[in-house]
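Given next are the chains, with one letter for each unit.
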Amino acid sequence: MIEVASYLITVLIAITAIRIIIGPTVWDRLLGFNIVLSKILMLIVLFSMIFDKTYLLDIAITYALIGFVSTLFIARFLKDRGRI
Amino acid sequence: MIEKIFYVILIIFAFFSVQTPKLRRSVVYLAVFSAVSAFTYILMGAPDAALAEAVIGSTIATVIYLAALNKYRVFMVYLTDEKRERHQEEHISRRKESILLAIENFCILRELEPQIIYTVDSVDKIKEKPGWDLIVSKNSGNYVLHGREQNYHVMALKEEWEGKQRKQVEFIIEKEHE
Amino acid sequence: MRINAHSEILEDILFVIYPLIILFGLYVILAGTKAPGGGFQGGAILVAVFMSRYLVFPITMEGLNFLKKLDKVILILVIVSAFVYLITGFNDTTDLFKSIYNTLMGILIGVKVGSGLTVIFYTFIDIEGGDTD
Amino acid sequence: MREVISNIIIIISLIFILTGVFGLYRFRNFYSRIAIASYIDTAGYLLLMLGVIVRSGVTWFSAKVILITVIVVLINPVVTHSIARSAYHGGYRIENEGSHD
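Protein chains in written order, with the numbering used here: chain L, 1421 to 1504; chain E, 6 to 183; chain B, 679 to 811; chain D, 2 to 102.
Treat the hints as calculated values from the structure; they're not laboratory data. Misleading hints may appear alongside valid ones.
Simulated pairs of lysine-lysine, DSSO-like, Cα-Cα distance not exceeding 30 Å [said to hold, decoys possible]: (1) K9(E) <-> K1473(L); (2) K130(E) <-> K27(E); (3) K163(E) <-> K132(E); (4) K65(D) <-> K1473(L); (5) K712(B) <-> K1473(L); (6) K747(B) <-> K776(B); (7) K132(E) <-> K143(E); (8) K163(E) <-> K143(E); (9) K712(B) <-> K776(B); (10) K712(B) <-> K750(B); (11) K143(E) <-> K27(E); (12) K750(B) <-> K776(B); (13) K712(B) <-> K65(D); (14) K130(E) <-> K143(E); (15) K1473(L) <-> K776(B).
Looking at chain L on its own, in the form it has when it is part of the complex (with noise of 0.2 Å):
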């Protein structure tokens, strides 16, 4: 089952990756960009069960601790009008 969960969430990633290209603002864009990080992030978990390497985890955490402050930089550059 967990195969089969990690095959369909491979797909999912590459539907999102369609509305990043397509999507018609920018605030689109991030969105898909965030659901992209969240997806990624059940990978690992799921990559790290079927490996059996706990070590994986740890990358899992980063990306859950860190990957935010991009994404809020980002918004507040669109909402400033260009200063940071």
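Position chains E, B and D against the provided structure of chain L, taking the given hints into account.
Chains E, B and D alone, transformed into the frame defined by chain L:
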């Protein structure tokens, strides 16, 4: 199988991040590229490199790109249409307005970063906001462009387009009282 | 000009997240010999603390000159300690000494990378990025 | 027995995640897109982690997964709030009156 899908995604994002004319889009594409490439490092069996790429490429490099884009001046264009109550989404994605394409070409030539905002507020209401450079209001087929006199990019746009004799474009320049 | 610079929800959540980032950065530096990680990655995680601080307080940091000096001093320390390790006969000693040396080197490199990237970040924001008009 | 329960939970979570991505293309309005996508994404995430924890049992693996889940539940709504706030204060007002979504 999973690796091949990720390789295709990487190639697509690398291509679009180079090809797009707007730099703010390119920053988002590069952030997605870094996040996906960090996962492919895990699949190849290099967790150390994946950790470094996830921190450096996806966070710090993105913020530094944004700080570099700060030097690029942003040109705010409001597009308002008083007759229509709301903007349709298809209207934005298909880009029917040819004047917007002309404004974007002008901005790319002068190294400005255009940010176009669709709104339904009236012109006077937009003018109360602090930051605007150009307001395009559509009035039964004619375009009326509002600008300020001390903004020399708008004056250059006016000079360039008045030479070409565009008929349906009219400029209203607001003078500063000081 | 900067109306509604940040929201209070963001500020409250970030004060919960701060200690977690610092703890995780220290964990990555100290566990670098067994798990993935090490000085470079842990130092880069610690920079994210200063970045999220900038999101809440958009002002320049004081003591940036101190960080610059710290960067140079620790670079010299890293080079000197590596030479001492090579020239003297310490590398023939037990595994315990080697692991202590590795951990010490990780801490030094972590502090160096953290201070260096913080200086780069604030320099970009202040000097290069300022919109003067 | 544990595997069967975890398989059922994972199947339900996959249905949630699939619906969330489908909602990205179904709606023609940015604000409803961001609301639907992030709600359903967080719900699917929680269920998937629950399935993984049930399958693994009481181990260090489960403890780390619980830590990741707590962090994501704290951070993910803030990021969604920040994107929507950026769009609203940036002056992006768009509504679609034609369709009945």
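Of all the hints given earlier, name the ones this structure violates by number, lowest first. Result: no hint breaks.
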